[in-house]
Every structure is written in structure tokens, then in C-alpha cells.
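K.L.:
Chain residues, written in single-letter form:
2 protein chains.
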Amino acid sequence: MALNTAAHPYLLLIFLLTFCPVENTWAKQEERLTAEDSDPRVLKWMMGSPPPEDKLIMQPQSNYFGFPKLRWSVCHIRELLPTKQVSRGLGNPHPFKYEIDPGIDSIQFRTPNENKEMSWRESLSANYTDGILILHRDKVVYEEYFGCLNELGKHAAMSMTKSITGLLAEILIAEGKLDDTKLVSSVVPELTASAFGSATVRQVMDMTTALNYSEDYSNPEADIWRYSKAASPLPKNIGYSGPDGYYQYLQTVNKSGEHGHAFGYKTINTDALGWIISRISQRSISDLLSEKIWRRIGAEQDAYMTVDGRGVPFAGGGLSASLRDLARLGLLMLNKGVINGERIFSESVVEQIIRGGDKAAFAKAGYSSLNGGSYRSMWWVLHNKHNAYTARGVHGQTIYIDPTAEMVIVRFASYPEAKNANIDPTSLPAYQAVAEYLLNKDVQQ
Amino acid sequence: MALNTAAHPYLLLIFLLTFCPVENTWAKQEERLTAEDSDPRVLKWMMGSPPPEDKLIMQPQSNYFGFPKLRWSVCHIRELLPTKQVSRGLGNPHPFKYEIDPGIDSIQFRTPNENKEMSWRESLSANYTDGILILHRDKVVYEEYFGCLNELGKHAAMSMTKSITGLLAEILIAEGKLDDTKLVSSVVPELTASAFGSATVRQVMDMTTALNYSEDYSNPEADIWRYSKAASPLPKNIGYSGPDGYYQYLQTVNKSGEHGHAFGYKTINTDALGWIISRISQRSISDLLSEKIWRRIGAEQDAYMTVDGRGVPFAGGGLSASLRDLARLGLLMLNKGVINGERIFSESVVEQIIRGGDKAAFAKAGYSSLNGGSYRSMWWVLHNKHNAYTARGVHGQTIYIDPTAEMVIVRFASYPEAKNANIDPTSLPAYQAVAEYLLNKDVQQ
Numbered sequence: 001m002a003l004n005t006a007a008h009p010y011l012l013l014i015f016l017l018t019f020c021p022v023e024n025t026w027a028k029q030e031e032r033l034t035a036e037d038s039d040p041r042v043l044k045w046m047m048g049s050p051p052p053e054d055k056l057i058m059q060p061q062s063n064y065f066g067f068p069k070l071r072w073s074v075c076h077i078r079e080l081l082p083t084k085q086v087s088r089g090l091g092n093p094h095p096f097k098y099e100i101d102p103g104i105d106s107i108q109f110r111t112p113n114e115n116k117e118m119s120w121r122e123s124l125s126a127n128y129t130d131g132i133l134i135l136h137r138d139k140v141v142y143e144e145y146f147g148c149l150n151e152l153g154k155h156a157a158m159s160m161t162k163s164i165t166g167l168l169a170e171i172l173i174a175e176g177k178l179d180d181t182k183l184v185s186s187v188v189p190e191l192t193a194s195a196f197g198s199a200t201v202r203q204v205m206d207m208t209t210a211l212n213y214s215e216d217y218s219n220p221e222a223d224i225w226r227y228s229k230a231a232s233p234l235p236k237n238i239g240y241s242g243p244d245g246y247y248q249y250l251q252t253v254n255k256s257g258e259h260g261h262a263f264g265y266k267t268i269n270t271d272a273l274g275w276i277i278s279r280i281s282q283r284s285i286s287d288l289l290s291e292k293i294w295r296r297i298g299a300e301q302d303a304y305m306t307v308d309g310r311g312v313p314f315a316g317g318g319l320s321a322s323l324r325d326l327a328r329l330g331l332l333m334l335n336k337g338v339i340n341g342e343r344i345f346s347e348s349v350v351e352q353i354i355r356g357g358d359k360a361a362f363a364k365a366g367y368s369s370l371n372g373g374s375y376r377s378m379w380w381v382l383h384n385k386h387n388a389y390t391a392r393g394v395h396g397q398t399i400y401i402d403p404t405a406e407m408v409i410v411r412f413a414s415y416p417e418a419k420n421a422n423i424d425p426t427s428l429p430a431y432q433a434v435a436e437y438l439l440n441k442d443v444q445q
Numbered sequence: 001m002a003l004n005t006a007a008h009p010y011l012l013l014i015f016l017l018t019f020c021p022v023e024n025t026w027a028k029q030e031e032r033l034t035a036e037d038s039d040p041r042v043l044k045w046m047m048g049s050p051p052p053e054d055k056l057i058m059q060p061q062s063n064y065f066g067f068p069k070l071r072w073s074v075c076h077i078r079e080l081l082p083t084k085q086v087s088r089g090l091g092n093p094h095p096f097k098y099e100i101d102p103g104i105d106s107i108q109f110r111t112p113n114e115n116k117e118m119s120w121r122e123s124l125s126a127n128y129t130d131g132i133l134i135l136h137r138d139k140v141v142y143e144e145y146f147g148c149l150n151e152l153g154k155h156a157a158m159s160m161t162k163s164i165t166g167l168l169a170e171i172l173i174a175e176g177k178l179d180d181t182k183l184v185s186s187v188v189p190e191l192t193a194s195a196f197g198s199a200t201v202r203q204v205m206d207m208t209t210a211l212n213y214s215e216d217y218s219n220p221e222a223d224i225w226r227y228s229k230a231a232s233p234l235p236k237n238i239g240y241s242g243p244d245g246y247y248q249y250l251q252t253v254n255k256s257g258e259h260g261h262a263f264g265y266k267t268i269n270t271d272a273l274g275w276i277i278s279r280i281s282q283r284s285i286s287d288l289l290s291e292k293i294w295r296r297i298g299a300e301q302d303a304y305m306t307v308d309g310r311g312v313p314f315a316g317g318g319l320s321a322s323l324r325d326l327a328r329l330g331l332l333m334l335n336k337g338v339i340n341g342e343r344i345f346s347e348s349v350v351e352q353i354i355r356g357g358d359k360a361a362f363a364k365a366g367y368s369s370l371n372g373g374s375y376r377s378m379w380w381v382l383h384n385k386h387n388a389y390t391a392r393g394v395h396g397q398t399i400y401i402d403p404t405a406e407m408v409i410v411r412f413a414s415y416p417e418a419k420n421a422n423i424d425p426t427s428l429p430a431y432q433a434v435a436e437y438l439l440n441k442d443v444q445q
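Read top to bottom, the protein sequences are chains A and B.
Counting from 1, one number per residue, gives the positions in the first sequence under full-length UniProt numbering.
Counting from 1, one number per residue, gives the positions in the second sequence under full-length UniProt numbering.
Keep in mind that the hints were calculated from the coordinates and are not lab data.
Do not take every clue at face value.
Because identical chains cannot be distinguished in the list, a pair is counted as satisfied if it fits within a single copy or across any two copies.
Using 27 Å as the maximum straight-line C-alpha spacing, the simulated DSS-like pairs for lysine-lysine come out as follows [to be verified]:
(1) K255 with K364
(2) K182 with K364
(3) K182 with K359
(4) K364 with K419
(5) K255 with K55
(6) K385 with K336
(7) K44 with K236
(8) K139 with K97
(9) K177 with K44
(10) K385 with K359
(11) K139 with K255
(12) K44 with K292
(13) K336 with K139
These numbers were taken from a predicted model, which means no experiment stands behind them.
Sequences and hints are given; from them, build the entire structure.
P.N.:
Next up, the structure:
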């Protein structure tokens with residue numbers, strides 16, 4: 001069974017767009033529905049037995065990652081694609097303590113671009129939030145669900161998956177199983193001839209590899225399309241002779257320039273890191289994530305990861321999880337490896353991440369909303385006055401850890417545009433304002 | 001994106017075989033590996049990062065439901081197909097009490113065909129058992145895992161899914177929401193012109209509908225192939241004009257003969273019942289199963305169901321679940337709706353099932369290993385001396401409930417051939433022997 005793509009370029013495009021796990025830059029700002037008006041319950045996607053034809057979201061015939069369908073799809077990835085379980089194990093979940101603070105909704109902040117006053121509550125719909133949870137120390141002080149999400153649901157983590165893959169790598173390093181100074185070729189010999197072969201594991205982890213890899217979506221010959229085709233779990237075209245799956249694709253990536261000089265945010269680094277981790281641990285990323293973290297943090301729900309056509313989990317973006325369980329992971333980071341009174345991994349794991357990466361290398365990439373920041377072990381380190389660091393995914397996914405305010409914010413969202421630069425102005429200052437509010441509350445008590 | 005099937009009949013055949021949820025009659029008995037030799041850990045399916053080419057099981061390129069790949073695939077359906085979650089909720093699992101009885105392994109029984117003596121333990125590998133659990137009253141007296149399964153895993157329930165769909169229908173009847181004497185056309189008007197329209201809900205539930213539907217696998221024009229094509233979540237062929245999804249397919253089924261006279265085991269009855277249930281409850285089968293059962297029995301794990309290309313769960317065979325959670329469901333049946341001290345549904349639900357169906361209608365279908373039995377609400381009622389009744393699925397899936405011995409046996413298996421008639425001789429007498437052993441033990445204590 002194969003895909004007759006040659007004769008149907010439009011269909012091919014739709015397929016690539018819909019499968020493509022990365023940025024969709026075609027969302028039209030002008031006609032955009034508000035968060036309330038694009039709520040999937042309002043638009044009635046997939047409601048009814050059967051839903052009316054114009055309310056169906058199907059894979060891969062429909063552009064399921066285009067707005068506003070996106071607002072349904074982010075909670076239903078497993079219904080569209082094959083997935084692997086990230087087991088929570090069989091024990092009792094460990095519930096959070098709650099001390100909800102109704103004052104948070106009215107916290108005010110200024111957006112840096114327009115210098116406009118906005119309340120925390122207003123920021124939630126401005127950012128098309130699906131779920132948001134704030135921890136202060138070990139207590140939940142805020143938890144809200146919108147759109148497709150509720151406490152029983154799971155949501156696409158998108159590129160926050162990268163940070164979790166980076167975390168697994170740091171855990172293996174702390175356990176003495178992985179040496180980040182080694183060349184990738186010494187760990188995964190199959191990558192020797194590719195650009196990755198001559199990079200160190202650390203350069204892959206910090207995305208300072210020099211890869212000849214274009215993410216120019218408007219160019220149908222761009223590498224991102226070859227990658228998407230390889231990564232799809234759907235049957236390949238008859239006569240398709242390109243790479244099949246993440247591992248085969250990675251072997252075809254060529255070098256361009258010198259490793260170690262510039263940060264370049266390219267998902268394939270994480271897929272390469274996923275291969276390194278799986279080779280070292282002799283586990284799939286999803287099984288290792290279960291073993292090292294999910295089974296040990298009192299998770300309420302299993303998580304899951306999408307897979308390619310050969311069963312390899314998508315280390316660069318395939319995770320879906322519940323809001324609370326990602327908050328457990330955030331708390332684990334805040335407390336440097338300890339949760340529910342138990343140490344899960346060495347303190348050095350988090351310390352390696354929060355020291356940050358090469359700021360000069362990062363600056364070259366020109367992320368204006370993250371000025372002065374760096375990227376380390378697949379985490380974004382802000383180097384702001386609170387030493388905050390974050391996991392980020394397109395369309396607004398965030399784990400934001402503020403060690404100074406002892407605060408974790410986890411946000412799932414389905415913002416119409418992929419780029420987080422568009423919602424950072426109504427997000428990062430809001431997080432900072434909540435952090436200051438919580439710090440101030442501590443002083444007053 | 002569409003499938004160029006016309007030019008590739010062989011690939012089409014492979015696809016249909018691999019997707020097809022029902023019996024694969026092509027397994028070759030002569031060259032058959034034993035249970036031990038075909039253990040997926042021995043054959044190393046999908047082991048390594050990446051697995052060697054000849055150890056890959058992929059959807060849909062490989063015949064993943066052919067033996068011996070089947071022995072891996074039954075535990076990994078979600079990695080091959082899109083699925084919907086059956087949530088257990090967020091509470092604590094309710095653990096079983098254990099009183100393991102090592103004497104069970106040496107229980108002897110006679111196989112009716114060959115009149116050969118066999119021990120319980122021997123029967124497990126004779127039947128390619130993946131997991132088996134025996135409850136006596138509310139205690140686990142036996143629990144073993146083999147092949148691809150362990151306590152953390154899930155296994156395809158195959159047509160045991162039908163019995164669970166039937167159970168949901170009986171629950172809706174007991175709640176006064178569904179009237180089984182009504183015509184299907186009055187509940188789902190879209191089915192009016194089809195064979196189902198003129199059948200009663202009860203005739204669908206008991207599979208005494210008169211359907212013009214052939215399951216002759218050797219005939220490429222057989223209805224089963226049209227059904228498989230419609231049911232596949234994969235993209236349809238370019239120019240494909242047939243039905244898409246279970247609901248569209250059901251509307252094309254014609255009548256042949258009179259309803260109510262003969263039992264005919266046809267999966268599409270259950271898909272029709274699934275539609276009836278979803279229309280009445282305004283829930284997908286998977287959501288209703290979660291709401292009515294999975295969240296209320298102290299389940300350890302979520303279950304899941306495969307879906308068609310329009311998100312409709314496969315009511316006739318799509319469930320995967322853990323061994324213990326299916327045992328919880330068995331216990332709920334044994335105790336007529338009560339588990340962990342709580343009543344989940346009315347006693348009448350189970351009473352409707354165990355009274356059995358029309359024996360004369362059943363006899364016409366010629367199931368020699370189930371002589372004297374009947375089929376009621378998608379359960380097989382044996383009408384034997386212990387009044388046992390069972391859920392059954394191809395390749396050896398069983399929930400066996402013996403009210404007299406107060407025993408539940410749940411078995412997951414991956415027997416090389418689909419037909420249960422082939423393993424009933426080493427299964428049904430074994431179950432009866434264990435039942436008698438447990439009854440006898442009660443007398444002696």
C-alpha cells in the first residue's frame with residue numbers, strides 16, 4: 001500500500017501540513033476567531049454520532065493542525081496517529097495540595113510591545129489557553145481549563161517534548177552512562193557520515209550543531225518536507241526511495257559550517273539525541289521516560305508519544321500529557337530532583353540545565369522576545385532577574401520555572417499561530433507579574 | 001493523499017489482511033512454532049534502536065496480524081493504529097486480594113477430541129497464552145504472564161469487545177433509556193433502508209438479524225473486504241467511492257431472509273449496536289465505557305479502542321485492556337453489578353444476559369465446540385451444568401464466568417489461528433476442571 005503523491009501535489013501539501021509537527025506559518029491573523037469563539041465546544045468539532053460532514057476532523061484528509069481545528073486536535077493526537085504509552089505504573093497517584101488564590105486573576109501587567117495594561121485573566125484568552133496551573137512551592141495556587149482540555153484530558157506538549165528528552169540525557173549523564181564530551185559517532189556509529197557524527201553529544205543537546213537543514217516552509221524542496229515525509233507513520237508513496245523514519249532521515253543530514261558556534265533551533269537535533277539516549281539506555285524514549293520519571297512522580301495519568309512508521313517515538317515533539325502531570329515534572333525541576341519527599345535524580349541534573357548555554361551563540365539566532373537568554377539541554381534559560389527557565393512548544397506550550405519565586409507555571413494552549421514570539425508579550429510579563437505577586441505575598445505573611 | 005491500490009492488488013491484499021480485525025484463516029499449521037519458540041522476546045520483534053530490518057513490525061507494510069508477528073502485535077495495537085482512550089479516571093486503583101493456589105498448575109483434564117490427558121499448566125502453552133488470571137469469589141488464585149504481556153501491559157480483547165458493547169446496551173436498557181423491542185430504524189433513522197432498519201434492537205444484540213454479508217475471505221469481492229476498506233483509518237484510494245467508516249458501511253448492508261430465525265455471528269451487528277448506543281447516550285462507546293464502568297471499578301489502567309477514519313471506535317473488536325482490569329469486569333459480572341462493595345448497575349443487566357438467547361437459532365450456526373449454547377447480548381451462554389457464560393475473541397481471548405464455582409477466568413492469547421474452535425478442546429474442559437477443583441476445595445474447607 002503506497003501513496004500516489006506525484007499526481008496530487010495539493011493533497012501532498014495538505015498531508016505535509018497536517019502531519020508536520022512544527023510551525024504552520026499560514027494562519028491568517030485578519031479573520032481570526034477569538035479564543036471564546038473558536039472553542040471547540042462552540043464550533044462543535046466531532047460532536048454527534050456521526051458529526052456532520054463539516055464538523056469532522058480526520059487524519060490525514062483534513063488540515064487538522066490548522067486553526068481553528070487545531071483547538072480540538074491538540075487534545076486528540078492519539079485519535080489521529082499511532083502512539084506509544086508512557087506508563088504511570090499501577091500505584092496510587094500522589095495528589096497535589098491546593099491553596100487556590102483568587103487574587104491571581106486580577107494581577108495586572110504591561111505588554112512590552114504595545115505597553116498596554118492587561119490582567120492575568122485577560123491574558124488567558126488572549127493566548128488561547130487550554131489549561132494553566134500555577135504551583136507556589138508545593139501547592140497549587142491556580143488551575144483552570146478551557147477549550148478541549150479538562151483534568152481528565154491530555155494535550156500535545158509539542159516541543160516541550162525536547163526539554164524532557166534533554167532531561168533524560170542529563171539523567172543518563174548524571175548516572176555516568178552518557179558522556180556529553182564524546183562525539184556522536186562514538187555512540188551511534190550509524191551517524192558517522194552525517195553532520196551529527198562530528199558533533200559532540202553536548203553540541204546536539206544545546207543545538208549548536210552546524211546542520212545543512214532548511215525549515216523554509218514555502219520551499220517545497222526544503223529539508224523540513226523531506227523530514228516530514230520520512231517521519232510520517234503513514235504508508236510511503238509507491239517508488240518512494242527517501243528515508244523512512246527518524247533514524248534513516250538523520251543519517252542523510254549534511255554539515256554546513258562549524259559545530260559549536262551558533263545556536264540553531266532544529267528539531268532534528270532532538271531526534272538525534274533521542275537515538276543517542278535509546279542506544280545508551282537500550283530503551284525507547286517513551287519507556288525510559290516512564291521508568292525514570294512518570295512511574296516515580298505520582299503521576300495521575302499515563303502520557304503518550306507519537307511514533308514514526310517504524311515505532312520510534314518522536315523525541316522532538318511527540319508527547320501528550322495531562323496538565324497536572326506536567327506540573328509534577330515542573331515541581332521536580334524546581335526542587336532539583338525531589339518530589340513527594342523522594343529524590344528521583346541527582347541535583348546536578350537540574351544544575352547542568354539552569355547554568356544555561358552559550359549566550360553569544362544564542363544571540364546569533366535573533367530571538368527578540370528571549371533577548372539575553374540561552375539554550376541548554378533543550379531548555380530555554382532566560383537569564384532574567386529570577387533565573388527563570390522554560391520548556392516551550394509551538395502554539396503556546398510552556399513549563400515556566402521561577403526558582404526565585406519558587407513558582408512553576410504550566411500552560412497548554414492552541415494559539416492560532418505557531419510562533420511563540422507572538423504570544424510572549426502577553427505571557428512572559430504575566431508570568432513575571434505572578435512571580436512578584438507570590439514573592440510579595442510571602443513577605444507580607 | 002490517497003492510496004493507489006488499483007495497480008497493486010498484492011499490496012491491497014496485504015493491507016486488508018493486516019488491518020482486518022477478524023479471522024485470518026491462512027495460518028499454516030504444519031510449520032508452526034511452539035508458544036515458547038514464538039515468544040516475541042525470543043524472536044526479538046522490534047528490539048534494538050533501531051531493530052534489524054527483519055525484526056520490524058510496521059503498519060501497514062507488514063502483515064502484523066499474521067503469526068508469529070501476531071504474538072507481538074496483540075500487545076501493541078496503539079503503536080500501529082489511532083486509538084481513543086477509555087479513561088480510568090484519576091482516583092486510586094482498587095487492588096485485588098490475593099490467595100494464589102499453586103495446586104492449580106497440576107489440575108488434570110481430558111481433551112474431548114483426542115481424549116488426551118493434559119495439565120492446566122500444559123494447556124497454557126498449548127493455547128499460546130499471553131496472560132491468564134483466575135478469580136475465586138473476590139480473590140485472585142492464579143495470575144501468570146507470558147510472551148508480550150505483563151501486568152503493566154495491555155492486550156487486544158478482539159471480539160470480547162462485542163460483549164462489552166452488549167453490556168453497555170443492557171445497562172442502557174436497565175436505565176430505561178433503550179427499548180430493545182423497538183426497530184433499529186426508530187433509533188437510528190439513517191439505518192432505515194439497510195437490513196438493520198427492519199430488525200429490532202434485540203435481534204441486533206443477539207445477532208439474529210438476516211444480513212446479506214459474506215465473510216468468505218478467499219473471495220476478494222466478499223463483503224468483509226468492503227467492510228475492512230471502509231473501517232480502515234488509513235487514507236482511502238484515489239477515486240474510492242465506497243463507504244468511509246463504520247456508520248457509512250452499515251447503511252449499505254442489505255437484508256437476506258427473515259430476522260429472528262438464525263444466529264449469525266457477524267461483527268457488523270455490534271457496530272450497528274455501537275451506533276445505537278452512541279445515538280441514545282450521546283457518547284462514543286469509549287467514553288460511555290469509561291463513564292459507566294472503567295471509572296467505577298477501581299481499574300488500574302486506562303483501556304483504549306481503535307477508531308475508523310472518522311473517529312468512531314470499533315465497537316465490534318477494537319478494545320485493548322490490561323488483564324487485571326478485564327478481570328475486574330468479570331468480577332462485576334459474577335457479582336451481578338457489584339464490585340468493591342458498590343453497585344455499578346442493576347442486577348437485571350446480568351440476569352438478561354445469563355438467561356441466554358434462542359438455542360434453536362444458535363444451533364443453526366453449527367458451533368460444534370459450543371453445542372447446546374446460545375448467544376445473548378453479545379455474550380456466549382454455554383448452558384452447561386455450571387451455567388457458565390463467556391466473552392470470546394479470535395486467537396483465544398476469553399472472559400469465562402462460572403457462577404456455580406464463583407469463578408472468573410480471563411485469558412489473553414495469541415494462538416496462531418483465529419478460530420477459537422481450534423483451542424476450545426484444550427480450554428473449555430480445563431476451565432471446567434478448575435471450577436470443579438475450586439468447588440471441591442470449598443467443600444473440604
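K.L.:
For K336 vs K139, is the C-alpha pair at or below 27 Å within one copy, between two copies, both, or neither?
P.N.:
within (16 Å within a copy, 42 Å between copies)
K.L.:
Between the shortest in-copy and the shortest cross-copy C-alpha distance, which are at most 27 Å for K44 and K236: within, between, both, or neither?
P.N.:
between (33 Å within a copy, 25 Å between copies)
K.L.:
Checking K255 and K55: alpha-carbon separation at most 27 Å within a copy, between copies, both or neither?
P.N.:
neither (45 Å within a copy, 31 Å between copies)
K.L.:
Are the CA atoms of K255 and K364 at most 27 Å apart within a copy, between copies, both, or neither?
P.N.:
For K255 and K364, the Cα distance is within 27 Å only inside one copy (18 Å; across copies 70 Å).
K.L.:
My question is about K182 and K359: at a cut-off of 27 Å on alpha-carbon distance, are they close within one copy, between copies, both, or neither?
P.N.:
Classified as within; 22 Å inside a copy, 72 Å across copies.
K.L.:
One pair to classify: K177 and K44, alpha carbons no more than 27 Å apart. Within, between, both, or neither?
P.N.:
For K177 and K44, only the inter-copy Cα distance (24 Å) is at most 27 Å; the intra-copy one is 49 Å.
K.L.:
Within a copy, between copies, both or neither: where do K139 and K97 come within 27 Å Cα-Cα?
P.N.:
Only inside one copy: K139 and K97 sit 5 Å apart there, 34 Å across copies, limit 27 Å.
K.L.:
Please work out whether the CA atoms of K44 and K292 approach to 27 Å or closer within one copy, between two copies, in both situations, or in neither?
P.N.:
between (39 Å within a copy, 24 Å between copies)
K.L.:
Is it within, between, both, or neither for K182 and K364, if the alpha carbons may be no more than 27 Å apart?
P.N.:
Result: close within a single copy only, 25 Å intra versus 71 Å inter.
K.L.:
Under a CA distance limit of 27 Å, which applies to K364 and K419: within one copy, between copies, both, or neither?
P.N.:
So K364 and K419 pass the 27 Å test inside one copy only (18 Å; across, 64 Å).
K.L.:
One pair to classify: K139 and K255, alpha carbons no more than 27 Å apart. Within, between, both, or neither?
P.N.:
neither (47 Å within a copy, 62 Å between copies)
K.L.:
Checking an output row: K385 and K359, CA cutoff 27 Å. Within, between, both or neither?
P.N.:
Close inside one copy (16 Å), not across copies (79 Å); limit 27 Å.
Taken one by one, the earlier hints fail for this structure at numbers 5 and 11, listed in ascending order.
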